[in-house]
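J.: What follows is the residue order along each chain.
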Amino acid sequence: MNFEWTPEQLVVRKKVEAVFAGAAPEFDALEQADAGAIQATVRKALRLLAETGYLELAQGEAAQLPMLIAAQEVVAQASSSLFLAVETTARLFGGLLAQAAPAWADELLAPLRRGELIAGVALSESESKEAPGPQTIATAVDGGFTINGRKSFVTNAPIADVLAVTVGLDEQPAVAIINARDAGVTIGPRLKTLGYQGLTVSALTLEDVRVPANRFIGPLPDGKLADKLLLTEALVLTQASVGLAQQLYKTAVSHAKRHRRGGRAIIKYQEVGFKLAEILTQVQSAQLLGYRAGWLAARGDAEAATVMHCAKVFASETAEQVAAKAMQILAGEGYLWGNRVERGFRDAKYAALAGLSSEQARMTVADNILTLYRV
Amino acid sequence: MDFDLSSEQLMFKEQVLKFARKELAPRAQESDLKGEFDFEAWRRLGEFGILGLHFPAELGGSEADVMTSVLAAEALGEAGVDAGLLLAYGAHTFLCADTIYVHGTPAQKQKYVPKLASGEWIGCMGLTEPDAGSDVAAMNTRAVKRDGQWVLNGNKIFITNGGIADVAVIYAKTDPSAGHAGISAFIVEKGTPGFSVGQSWHKLGVRSSVTSELIFEDCAVPEENLLGNEGHGFLMAMQTVEWDRSTLVAPLVGVFQFLLARSARYALERKQFGRPIAQFQAVRHKIADLKIFYEAARSLVYRIAWCKDQGKPLNHLEAAVTKLFVGDWSLEPSNAALTLHGGNGFCHEYDVERVFRDVRLAAIGGGTSEIQKLIISRML
Ligand SMILES: Cc1cc2nc3c(=O)[nH]c(=O)nc-3n(C[C@H](O)[C@H](O)[C@H](O)COP(=O)(O)OP(=O)(O)OC[C@H]3O[C@@H](n4cnc5c(N)ncnc54)[C@H](O)[C@@H]3O)c2cc1C
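Just so you know, the sequences run in chain order U and C.
Here the first sequence stands for residues 0 to 374, numbered as in numbering that gives the first Met the number 0.
Here the second sequence stands for residues 0 to 379, numbered as in numbering that gives the first Met the number 0.
Bound conformation, chain U alone (with noise of 0.2 Å):
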């Protein structure tokens, strides 16, 4: 047991920690900026990262969990928008790549490795009544397939070079790799969302879209793939919630050690003191808990995928919490647009209905847990 990281656990941290000193600015300018403007910091960023082998980290190999999260921390408090972008392409996109393992993997893998490519996940659609099942639809033609169909909302869309787009084929599950450029594909318009307005997000629409078959991986029957994407969802957005409620945390306790009131920093009244208590616990116990289920994810638990599916709810409904009382302890300065508190509220909502919601979560938790004591 140690609940400290160890030096070698450290290694990739320290490296994100040099490449991203001072870029702060850089990044917080993302959440007013235009399409082209996010896509060219997030190519910077995916360089710099590049550089510290932080893009390769647990994309096929668990073990590297605890690491990757250790360094997760500097990426997700430098900026959450950045953050879901950075992950997108780097643990959907890349881990989905690399835990299939087509033949051709590494076409992908080693220009993502380098930085070079910013990719997105293709999977929420809308449900038919009349056809129920996957409304974007595989059909073989010679020698590849035909992709038909419409997705909902897609992260990074408006600004990747290649995008994984779940497919049914014949009723099964499958993956297609598609060019953002190919033909038939129609991206966008950008959507205007509550939070996270650094993040690039649109539908995808694909006609007739032809995808060769060493882009296209499946039919998957077995549901792993699938499941093994939810559970990168909810570690991405385990530690986006952690990291965004850190920044609101260190926001809320300088605030308060310096504003005054009544003769004295805020900070001393327990109204507010005793706010601050509240969230530290918050943050230190969703942190711990997105550790243990790495951890347990790691060495390959059996209970890993219920215990990281606890973290995330705990931790996306940990950031909502902390925001609401960070706002209320900067007040009106809070309030204002542009703070960071105030863009913290906004962001806070997005992991708790992101990924496997927290209802589906909690759902899935009870269902692992009574399958235990099922005679």
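Where hints are given, some of them may not hold.
Said to hold, decoys possible - Derived lysine to aspartate or glutamate pairs resembling EDC-like cross-links, with alpha carbons at most 16 Å apart: (1) C:LYS114 x C:GLU46; (2) C:LYS189 x C:ASP146; (3) U:LYS13 x U:ASP27; (4) U:LYS256 x U:GLU270; (5) C:LYS311 x U:GLU3; (6) U:LYS267 x C:GLU369.
Don't read these hints as lab results, they were simulated from the structure.
The structure displayed is predicted, hence computed values, not measured ones.
Position chain C with the ligand against the provided structure of chain U, taking the given hints into account.
T.: What follows is chain C with the ligand alone, placed relative to chain U:
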């Protein structure tokens, strides 16, 4: 970062779990209902070696590390052992015996620790007074040196094991002008003239533990019964919080695994609207929340134990965070477990009712949640 437990630690936890499920847990409901201390269960705890787990072998212990003590305590909670018995164990082993072990002279250790470790003697610790709860330094109990003896006068309240203890560690003011630095600790044995037990309290939870008033009226103890240095009492009391925040709260974490198991089984068995209630999402939601709390709380408690095993100075911030989390964040999930059991959850026949009441102490005993927030907010 590594959460691995050694195979010895895991094996020992399993042993404690097995022992407790067989020898202690079946007695829990009855002793809670009667509100009486279970001396037989106490004897069994002592025989198994729980009461002196971390003391050296020559003092009757098993030389266990703190983590092992935490795991044992967690296992007792997980087995569904009565929390009154576990509070008695905590007050006895950590607040009383350990204080003598850490601060006592060789003679004091020899005299008291082996008998406490075996459970032959029961120990208690008296800090709280009618006018000094959270504000320890406001205590009025006085100890004055007179003719080679310390003479104690004052009242202690809410003292766990007070009415059944053979040995008490009592905190008293030796220099009232010095605030915290004027507090010293004394060992007082049962039967010492001037030492008597006043009222005992009926309580919401931990009902089988004896909670008593201790009265000192010109109670003279030999000079050598001063424990530790004069004026160091407050520091000594604060040192015991390491145990308060780890081993003493560990049963309250373990008990959530017990609630989880009980709730899962109940949800699968109980049918309404033609199906097991486990099929209702609102019921599954509660099961998930029990699991989430259990997983979060456990790592916090382990972290304190690990720090102590590393010989690191107690991180007061982390300790307070742990106590606050276990105290306040346990309320909703314990409530959820009760709700999930419907009317049965409200009845004594189902032990979630007992556990629900017991868990409530976590936010009060050993420093209230507000005091934890005070500690944290001052350290930010
Ligand atoms: C079952 C049981 C067993 C116990 N066993 C022992 C034992 O073995 N030995 C022992 O010495 N004591 C024991 N205690 C006493 C326990 O430690 C005290 O009850 C506890 O410390 C709180 O003190 P109090 O009850 O005097 O509450 P008070 O200090 O009077 O507090 C009342 C309320 O005011 C709040 N408050 C107080 N000060 C502040 C502040 N500065 N800021 C904000 N809020 C504040 C508290 O949080 C609480 O909500 C036991 C208590 C119980 C119930």
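J.: All hints are to be evaluated individually against the structure, with a verdict given for each.
T.: We went through each hint and held it up to the structure:
1. Taking the CA atoms of LYS114 of chain C and GLU46 of chain C, the gap is near 12 Å; set against the 16 Å cutoff, the hint holds.
2. Distance hint between LYS189 of chain C and ASP146 of chain C is unfulfilled; the C-alpha atoms sit about 22 Å from each other, more than 16 Å.
3. Our distance criterion of 16 Å between C-alpha atoms is broken by LYS13 of chain U and ASP27 of chain U, whose separation comes to about 21 Å.
4. With a C-alpha separation of about 14 Å, the suggested pair LYS256 of chain U and GLU270 of chain U falls inside the 16 Å cut-off, and the hint holds.
5. Using a Cα cut-off of 16 Å, the hinted pair LYS311 of chain C and GLU3 of chain U holds, with the two alpha carbons roughly 12 Å apart.
6. For the hint linking LYS267 of chain U to GLU369 of chain C, the alpha-carbon distance of about 14 Å falls within 16 Å, and the restraint holds.
In this structure, the earlier hints numbered 2, 3 are contradicted, and the remaining ones agree with it.
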